[in-house]
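Chains as they are written, first to last, in our numbering: chain B, 73 to 548; chain U, 73 to 548.
Misleading hints may appear alongside valid ones.
Stated by the list, open to error - Reference listing, derived: stretches of chain B covered by chain U, where coverage requires no fewer than 3 residues with Cβ under 8 Å from a Cβ of chain U: (1) 345 to 351; (2) 452 to 464.
What the hints assert, rightly or not - DEER-style ranges, computed between Cβ atoms: (3) U:P315 to B:G318: 51 to 59 Å; (4) B:H410 to U:E380: 25 to 33 Å; (5) U:G400 to B:E137: 58 to 66 Å; (6) U:R123 to B:R463: 35 to 43 Å; (7) B:E160 to U:P439: 41 to 49 Å; (8) U:E461 to B:E137: 36 to 44 Å; (9) U:P315 to B:P87: 33 to 41 Å; (10) U:R290 to B:A85: 38 to 46 Å.
Think of the hints as simulated: they come from the structure by calculation, not from any bench. Owing to the predicted nature of the structure, the values given are computational and were not obtained by experimental measurement. In this text, a Cβ means the ideal position worked out from N, Cα and C, and glycines have one as well.
Here's the letter readout for the chains.
2 protein chains.
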Amino acid sequence: MITDLPLAANGPALPARFTESASARPNGATAGGALAWLADRRRAYTFEVARVPFDRLDDWAFDPETGDLGHRSGRFFTIGGLRVSTGEGWVRQWDQPIIHQPEIGVLGFLVKEIDGLLHVLMQAKMEPGNANVVQLSPTVQATRSNQRRVHRGSGVRHLEYFTDPQRARVLVDSLQSEQGSWFLGKRNRNIVVETTEDVPEHDDYRWLTIGEIQELLRLDDTVNMDARTVLACLPFARPTGAPPTGAHSTFRAALRRSMDPGEGSRHTMGEVLSWFTDATVRHEVNARPVPLNEVKGWVRTPEAISHEEGRYFSVVGARVTAGSREVGSWTQPLLAPHGMGLTALLVRNIGGVLHVLLHARPEGGHPHGVELAPTVQCTPDNYLEWPKEARPRFLDYVERVPGDRVRFDAVQSEEGGRFQWARSRYTVIDAEDDVPVAESEDYRWLTLHQVGRLLRHSRYLNVQARSLIACLHSLW
Amino acid sequence: MITDLPLAANGPALPARFTESASARPNGATAGGALAWLADRRRAYTFEVARVPFDRLDDWAFDPETGDLGHRSGRFFTIGGLRVSTGEGWVRQWDQPIIHQPEIGVLGFLVKEIDGLLHVLMQAKMEPGNANVVQLSPTVQATRSNQRRVHRGSGVRHLEYFTDPQRARVLVDSLQSEQGSWFLGKRNRNIVVETTEDVPEHDDYRWLTIGEIQELLRLDDTVNMDARTVLACLPFARPTGAPPTGAHSTFRAALRRSMDPGEGSRHTMGEVLSWFTDATVRHEVNARPVPLNEVKGWVRTPEAISHEEGRYFSVVGARVTAGSREVGSWTQPLLAPHGMGLTALLVRNIGGVLHVLLHARPEGGHPHGVELAPTVQCTPDNYLEWPKEARPRFLDYVERVPGDRVRFDAVQSEEGGRFQWARSRYTVIDAEDDVPVAESEDYRWLTLHQVGRLLRHSRYLNVQARSLIACLHSLW
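Using the sequences plus the hints, can you model the full thing?
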């Protein structure tokens with residue numbers, strides 16, 4: 073018997089709608105408008121963030137048995153230890169403090185068609201660890217604890233659009249990781265929903281086109297990490313219309329072709345997936361949680377937990393004092409990295425199609441070990457006193473590359489709710505023939521279209537790579 | 073600058089080649105030939121498997137501190153404890169023994185074109201827990217420890233085709249899970265490689281078409297779990313040629329359309345992925361390893377570790393005595409389930425396209441909590457004394473469905489290297505209008521083509537669902 077029930081139609085061409093919104097680049101005045109709004113929000117919420125010794129943290133304490141640093145309620149997050157061993161690399165075994173926060177957070181973009189163009193409701197959000205204090209953030213950025221509070225009535229603004237299917241339609245929805253060196257198995261739901269309702273206005277929120285957000289992305293410390301990862305998950309169609317002209321027009325034409333599934337790629341998708349499987353199997357990452365007081369090589373003082381050689385990061389206490397009554401003040405631990413990070417994506421034209429060089433990189437906090445990282449991801453200061461062979465591949469190249477190869481260059485902040493001034497230089501470099509097409513074992517050239525296919529699923533691109541993909545999409 | 077380097081061509085239509093091999097169904101003689109060969113191998117390797125008390129296991133012992141049961145070398149696997157809590161279900165918190173085997177194994181099919189048809193080199197392999205002792209297995213079925221031994225020279229036969237890219241080309245390659253109720257985070261690389269070399273013959277190996285393997289799959293306890301999961305990962309194109317005739321021709325026509333991406337589906341792929349993300353977020357599975365001697369509700373005697381109500385499974389000791397010198401004899405623990413499992417896939421025709429009803433099911437041993445299970449997956453005996461509301465959905469329907477709705481029905485064994493007589497009835501039922509198209513929260517109707525797309529990635533379909541997909545593919 074054949075039942076005659078309607079099957080799902082392919083919806084309107086969603087990628088084309090995102091591309092159109094991205095092509096709506098602001099003129100100077102519009103970008104200035106968003107910047108002025110962010111500046112206004114910074115003035116409205118004056119904050120002071122001061123380091124305090126651990127014993128001045130309210131409701132946070134070290135567990136007498138394990139030494140783990142946690143909140144008395146058991147909520148929020150805990151700083152525990154991790155013992156990692158890998159079969160490779162300059163350092164093959166180490167202990168480290170790490171943030172345990174097993175719950176899944178929500179990073180959500182609420183979008184709406186305004187004057188025929190998709191707009192995203194972006195938030196000006198203060199976080200204690202942010203450089204610039206207030207950065208451009210997703211509509212909703214909530215931990216599960218936040219979401220629960222909502223059900224008791226005092227809530228996260230706009231969350232209802234993400235939980236009630238009657239209010240908005242889901243366009244994008246996947247779980248993605250955070251920093252595998254600092255977080256143990258942290259995942260967030262990256263979700264984009266579209267509404268047709270009238271959404272109440274609020275001073276902290278503003279409708280922006282994707283193009284306007286991309287313009288702000290070029291500025292230092294302006295678009296936060298949570299917004300960048302959701303941006304990276306948006307599907308884009310190859311832009312139509314006139315070919316690019318002006319500066320870097322050949323690069324931009326290859327970039328546009330890279331978004332097109334009909335163009336070629338160095339590897340088939342099957343080869344890419346097999347390479348990823350192989351890298352996961354080859355890199356044996358053995359990571360297990362240990363009590364913080366068993367972590368070796370780290371020293372705890374009343375003010376900080378730090379590596380005995382001063383490398384990597386410290387865990388510190390912070391007191392946030394708010395100038396306005398609305399937000400209140402609080403204390404919390406923060407992870408404070410030492411030195412500025414360097415996060416670089418090498419790209420090159422292969423057969424007229426731009427390819428990005430991704431690195432299959434094991435990190436202790438990823439439950440599956442390996443994710444795809446940018447070509448270079450490190451804190452260069454950590455290698456200052458180490459021999460040449462300990463230096464990450466392509467680091468020397470990136471540090472010495474002439475400026476005319478640089479297509480994107482901005483300092484971005486990582487998550488300001490957990491990290492204090494965790495800043496990295498994010499750069500996209502057109503390597504042209506400097507870097508051969510033939511790859512070594514842990515590196516592969518992928519097209520942007522292939523990256524987009526991976527981004528529909530969890531676990532492929534790490535958060536730094538996602539940030540750089542968002543940056544690359546600002547360059548069409 | 074445009075460099076003019078060749079891009080990857082789409083290879084020959086691999087799915088069509090697998091479909092062609094599957095369409096090469098054996099006549100009675102051929103199926104008989106493979107069966108006679110399996111029977112011959114059973115005679116060649118006579119084995120006796122006897123239960124022994126734990127203190128008679130050579131080199132296996134309970135750790136004095138944790139109570140975990142492990143091998144003195146630290147290799148193979150360990151039986152430890154797991155403490156699981158979920159926010160739902162009849163039983164919301166429990167402890168259980170579980171197998172810890174963190175290494176990634178290889179399940180490999182070596183394929184070769186013979187007389188214009190793809191053939192798979194299948195192995196007649198003995199495993200101590202197998203019903204039928206010897207079952208049809210992949211070419212290679214190796215733990216990482218096995219693989220390492222190879223590098224020291226005494227090895228797993230044919231492994232070189234899977235490790236040396238010069239010897240064979242990778243066709244399929246993904247990591248897939250094992251039983252989330254019995255294994256903690258176990259994954260295997262499911263890999264298919266094609267060679268053009270002459271492969272030396274061996275009595276334990278035989279080239280079979282996919283159709284011949286599928287024919288054997290209809291028999292009880294004949295094709296092992298490891299072979300079934302690799303079979304499920306093969307990509308198939310919609311069969312061409314004359315439409316099916318004879319029994320169930322409407323069902324079979326809908327099944328063929330279900331393999332075609334050009335036919336409709338109840339949900340878009342985006343909706344399927346969003347539903348899976350949502351289910352992962354909704355089902356809070358909190359599972360953490362605990363020492364085996366802290367596991368509550370289980371009793372250890374000299375002969376077995378069992379649940380105090382006799383449910384679920386026992387851990388026992390086994391001594392394997394081989395009749396031939398080649399294999400030797402050994403002892404090991406086995407997990408022995410209580411009662412026959414029931415693993416059922418409901419399918420139905422929606423708009424002329426067959427859809428399968430998958431269940432987003434949390435299991436404690438899956439590192440991400442939820443995977444997609446068959447419509448029903450349980451051991452009915454476990455529910456005998458429990459109230460009606462504790463029974464799994466659709467269990468009553470499956471137990472009472474008239475025989476003319478059953479399209480596939482065979483008893484299959486789970487992995488015989490770890491489980492003793494772990495047998496389940498695997499059944500595919502055409503539910504027609506008995507089950508509505510409208511789904512509840514944790515169930516979705518998917519087409520076979522959509523299932524195939526998910527199977528290119530880790531973590532979507534659990535091992536029972538993969539087995540049933542392999543069975544369904546035998547019904548075109």
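For this session: Any hints from earlier that this structure breaks? Give me their numbers in increasing order, please.
Result: 2, 4, 5, 6, 7
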